[in-house]
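Participant: One-letter residues, chain by chain:
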Amino acid sequence: MSSLKFVIFLLGSTALAIVAGLSINLAIDPYSVFGSKLLPKFGQVEERYLKIEYLKSHPHFNTFLLGSSRIGVIRTEDVNAVFRGAQSYNMTASQSNQWDAEKNIEWLIKNIPNLSRVIVQIDWPWTYGEAKPGYELLTAVHPDISGRNKFRFLSDYLTLFNMEAINAKFVNNFGGANTPIYDMSNGYWSMPIREKQISGDCSYAEKEPAFHIKRPATSKTSPQTLLDSLASIERYKALLDKASVKLTIILTPQNRLAIDPIDFEDYEMFIKRLANITEFYDFMYYNKLTKNDCNYYEASHYRPIVGKIILHSLTDQSDANSEIFKFVSKDNLDEKLKFFKANFSSERAD
Amino acid sequence: MLFNSYIFIFGFLPIVFFVFFSVGRYSVRFASLWLAAASVFFYGWWNVRFVGLLLASVAFNYGAGYVIRIRTLRSDELKAQAKLLLTIAVAGNLALLGYFKYSNFVLENISHILNVTWVATEVILPLGISFFTFTQIAFLVDSYQGKAKEYNFAHYLLFVTYFPHLIAGPILHHKEMMPQFAKRDTYRINWDNVAFGLTIFVLGLAKKVLIADSLGNIANPVFDAVKSGAHPMMFEAWAGALAYALQLYFDFSAYSDMAIGVSLMFNVRLPMNFNSPYQARNIIDFWRRWHMTLSRFLRDYLYVPLGGNRHGKVRRYLNIMVTMVLGGLWHGAGWTFIIWGSLHGAYLMINHAWRALKAKMGWMGGGAWSNFGAQALTFLAVVIGWVFFRANSYSSAISLLHGMMGSNGISLPASLSDRMSEFLPQQTTIVFSGWFPITRLADLSTIITFVIGFSIVWVSNNTEIVAERICRQHRRFYAPIVLGCILGITLLVMRRISQFLYFQF
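Protein chains in written order, with the working numbering: chain A, 1 to 350; chain B, 1 to 505.
Do not rely on the hints blindly, as some may be mistaken.
A few chain B residues that face chain A, going by a derived Cβ cut-off under 7 Å, partial list only [said to hold, decoys possible]:
| no. | residue |
| --- | --- |
| 1 | A182 |
| 2 | K183 |
| 3 | I189 |
| 4 | W191 |
| 5 | D192 |
| 6 | L357 |
| 7 | A359 |
| 8 | P480 |
| 9 | L483 |
| 10 | C485 |
| 11 | L487 |
| 12 | G488 |
| 13 | L492 |
Please keep in mind that the hints were generated in silico from the structure rather than gathered at the bench.
We put the beta carbon where it would ideally sit given N, CA and C, even for glycine.
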């Protein structure tokens, strides 16, 4: 074979390989951004993009739940039942932080005509900002929010062979597997097979390795991350006030193992500053809910039953009889802080 | 502009290639000027502000080299002037490098020693300044020694700015490049060279995109965690250090491969820069295989002028240490680089002493196991050095080394807890939080990346030999198809452009 032929063959097969690669990505559609019909069920879902796309053509909702995947199990039917007149949509998105919440709220105010209530669930702010290293495609924000060219945004998804995402797509479409099922028409995710398996039987928690790790040591959170998150909350609270939209803030009922690493000084500082911005429901401490592993799939995500409990708590601003949350405001801050301090200290004493 | 970018591969390279050979059919001079102009454009793509600095540096060094050459050819008196001019010109180059690269480091240290607060100014390090400065210092010395013979300005401009080597080497000798630019054949398309160059380029690009960047995804989180105060346990610390050792090799050798490959497409042969360095059986051998053109530069323009091995053993060891410390400092303005250089200086001294002892005692080389042990020990020594090279501070490096030694304990998968707990003593440093409790990176892709990486660095030949076999010795019909598929996949995966590690040096 002559050298010229060698070069032509090389470049020709490169072109074919690229076309094949693009076609495979388009057909499998690992993040479901193209709406390909070959594998219709979702695998790893690019929720940020798909939800905004859905809402653009269905702007009739008036109540929105914002937060990371943890709030994703709250069913909108339950929200609608608790809040009269609510037509809710769950905007949960993987690894969502306060930066995401702020950007989404800006978009909602501009694009949802009947917006009346926003419920934000705040995880402990370990991260702030758009970057989610290692998960860029799973967590990329919609081009309407980022200002990116939509074609370039979508072209990213044509050129990536993420084996984990491809595998998830196949498993969900052919395996009938025990993986989350997403529904963009209401935004929440569910695990019906898993729920069926564990419903009324907590023995799974005994076997789940995530619950049996060594108690994580406390570690300081970047002060900048905390301050950035608080500043973001302050900004979106002001935006919502201006638009006469009610804001409800919940601190996530994270599993005890997810609370363990939180440094109490950081926690105290965050709570103090947050209370001066807005009142909120705090589920994030050691309590009946967070200490019971049966309320969680693993140490990170609570089950839908917890979602229901949260919603019912939101109708009650008195926490006098509650064993699972504290309603914190500027006025009762000192009293609540005393409680949290005692709670953290007694739970961590052993 | 980066070699691993779409703009370079689909825009810059084909345009420069076809215009160069089209013009070359009619005028060698215009073709070389075109290539030089394209190279300056390539450099300016990063930051147009520093194009002036690059061209001023080229003009200054060309002028100085020319005058030095003229004077050395005449009387002894003029030769003394030439020496003075050489000293001034080299000092000028070092001053430029010093300002951009070391001024803040020096300020920081002086203010620390004097306990005063001097605000360091923000100095942007011009891309490739270490490389084009060293290339030109070599030219000045070669001019003085009469080794640089040709002084065509267009060719000199091309020699320094030639885009394949401008940003991260290889560091070139005037005498190995100028004759190539002067040859008429260089300006005629040669499909043998295009095919061979393209093969090397494809292998280099794949090394960078498919392997080096994947290794970075393992190394970076570990070093970042250490930087933020975490204390990694043994397996995680080792994974971070080994991943970085592999990443640096694949990243930098990939750049060199791409530079050599692209250059060959233009009929210009660049010197080899890597020759399977992790297969070295001692540190002396390692430095003959790692960043070979820098080693050559340091030997010819630093170690030998310092006296080399000509003034006794003590002086020789001192010269080795000085050369390696300055070599370390060349990589970056920081104590970790100085420690890295010193460590390698010490390694080399030990290696030379060991050799001398072996010769004196009449010990012969060992068998296969001995060779394996020597290679493993060399690799271990190099990895320890890389920890300092990569860490953001001395304390971070020590923290990671502590982790590697097991001082922070060992973490095993939770699934082993039941089986092992009963055998462990009460006081143990073993916990069951997964192989990599901080970064959670222990998955199949991590294992595959390590297996591929180690297989290549320990078993495979270097890229040029592999390319030679694919392209020249056993040219089968499927070879370009396989290469094309590799290139296609690499281009698809190359979604996010990542910088080459050596750009920062």
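Participant: Give a verdict on every hint.
Facilitator: Comparing the hints with the structure gives:
1. Interface hint at A182 of chain B: violated, since its Cβ lies 24 Å from the closest Cβ of chain A, which is beyond the 7 Å cut-off.
2. With a cut of 7 Å, the hint placing K183 of chain B at the interface with chain A is violated, because the nearest CB-to-CB distance is about 19 Å.
3. Look at I189 of chain B: its Cβ only gets to about 10 Å from chain A, farther than 7 Å, so that hint breaks.
4. For W191 of chain B, the shortest C-beta to C-beta distance to chain A is roughly 4 Å, which falls under 7 Å, so the interface hint holds.
5. Restraint check, D192 of chain B versus chain A: the minimum CB separation of about 5 Å is within 7 Å; hint holds.
6. With 7 Å as the threshold, the beta carbon of L357 of chain B stays out of range of chain A, its nearest partner Cβ sitting at about 49 Å, so the hint is violated.
7. For A359 of chain B, the interface hint is violated, since its Cβ never comes within 7 Å of a Cβ in chain A; the closest pair sits about 48 Å apart.
8. At a threshold of 7 Å, the smallest CB-CB gap from P480 of chain B to chain A is about 4 Å, leaving the interface hint in force.
9. With 7 Å as the threshold, the beta carbon of L483 of chain B comes within range of chain A, its nearest partner Cβ sitting at about 5 Å, so the hint holds.
10. Evaluation of the C485 of chain B hint against chain A yields a held restraint, the C-beta minimum of about 5 Å falling below 7 Å.
11. Of the supplied interface hints, the one on L487 of chain B holds, with its beta-carbon coming within about 4 Å of a beta-carbon of chain A, less than 7 Å.
12. With its C-beta approaching chain A no nearer than about 2 Å, G488 of chain B sits inside the 7 Å limit, and its interface hint holds.
13. Look at L492 of chain B: its Cβ gets to within about 4 Å of chain A, closer than 7 Å, so that hint holds up.
When the structure is compared with the earlier hints, violations turn up for hints 1, 2, 3, 6 and 7 and for no others.
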